[in-house]
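Asks: Chain by chain, the residues run as shown.
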Amino acid sequence: MTRSVPDQSLGPAWAILELLARGIVDDSERQMVRNLLLSETLDWGELLEQALRHKMLPMLAHHVISVGLRFDVPATIYQHLESTLEWNRLQIEVFRRETVRVAQALGAHGIHFVVTKGMTFESTLYGGLGTRHMNDIDFMIAPRDRDTVMSVMQALGYRPFFDWAKDARREEISSRLNRDHLPKLAREIDQPGTRKINIDIANSLTWTKSPFDVPVEEALANPVAQPVPGMPGVSLPCFRPTYQFLFTVLHLFREAWLQKFVDFGTDVGLMKFGDVLRLIDQNHDELTNGELLRIAEIHNVIHPVAWVLRHLDETFQTRTQKLFALEKYGDEELLASQMQSSAYVRASGQSMRERLQSKTRGAVRPAEPAHRGS
Amino acid sequence: MDDITTQFEECLRRHLRSAKPNPINYDVELVQLGLDSMTAVAVLLDMEKTFGIRFPDDMLVEGTFRTAGRLKEAVQKLREQQAS
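Top to bottom, those sequences are chains A and B.
Just so it is clear: in the first sequence, position 115 is 115 by the numbering used here, and no numbers are missing.
To convert a position in the second sequence, counted from 1, into the numbering used here, add 1000.
FYI, nobody ran anything at the bench for these hints, they're computed from the structure.
You can trust all of the hints, since none of them are fake.
Simulated pairs of lysine to any residue, SDA-like, Cα-Cα distance not exceeding 20 Å:
{"no.": "1", "chain 1": "A", "residue 1": "K260", "chain 2": "B", "residue 2": "V1043"}
{"no.": "2", "chain 1": "A", "residue 1": "K322", "chain 2": "A", "residue 2": "Q282"}
{"no.": "3", "chain 1": "B", "residue 1": "K1020", "chain 2": "A", "residue 2": "A343"}
Take these sequences, add in the hints, and give me the full structure.
Replies: What follows is the structure, given as structure tokens:
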């Protein structure tokens, strides 16, 4: 894939984060980031805030440290970045051990499952450097196993909790009615720096009664075994690349379109678009051999996939829509016509890039959904 | 108990676009008035706030709000339980 120089119209801080999100592949890009970090117009406050908002602070920390900017960055900021990276690595270690513990318990009960998102990406897409931020541990199971899995999790010390949401009661009702996930689960631990482990268990690649979905049972078939860094001989089941890609893209689509994620401030993020780019880079041949398109067509998810790729391309100046021959798909009006509920985000008139950079996303609520435009 | 019809219908109309201009038919499935699994959350939450009730877990199922009639019955039942 041809990699262009990022558009710097949104300032050096944003350009740095876009470069880091898509992954630094060679010395010229490393130098580009270095130059931006040393730019006189760089606003460190803005860079740190946006890195936090996009869960990229450990990634930024790793880069600042690895390119040797110790004496070029304000000392207190450098020290904070060092400890952020160290803490993230410790947390990943804790999460990794817990993922294995939960996986072994699920396996012992004959549950078909995969580990998803951050835990798998950290070692496959981010080189196991401890730079991928993660809030929780994610699993995917089949709907038929919901009750058994809940029992297993409770036996492991996990309890449902809802106070992560601004409106806990809303979330509680939602989790009862929308059975695409188990309620979020938490377990308190006695670990310095990490007092609680949160686990999110999905049983759908999208959401309840979504007009777009890929059957979970199909996606769970033939998982790949992913070695666990630092634990010789131990592996975790993960989606094979085609379904990993579909899930990642559809998950991004879900977070982009459901208003509740905007309200929580957890909708689209730069890092998640970066995950998609890295998946494509790493699994180019398998993702472009035709199977992905066939599955997307069979399950009517071709428009959501194309919509995400279009916004990915607009944000990162990539050409993934063309790569997958999806230029004629992903029309926003068409998607909006299939998602008329007030639960969906209405058009803001912003580009995805502007939306990503915006710090007031929840405030953008135009009056009429009929005015939705791309 | 007081007649809750006015408040109940106002509550529905706040969330269901198709219910806004017309009299509410209590026998029609709410999905035909624009209810989906996500707006259902908003409707139930609003009902709880409006009437000072709390739906127990076993009532947080689709059958509770299949029609306006079923939902109104559930709200009335919870109000009565709370009053007694």
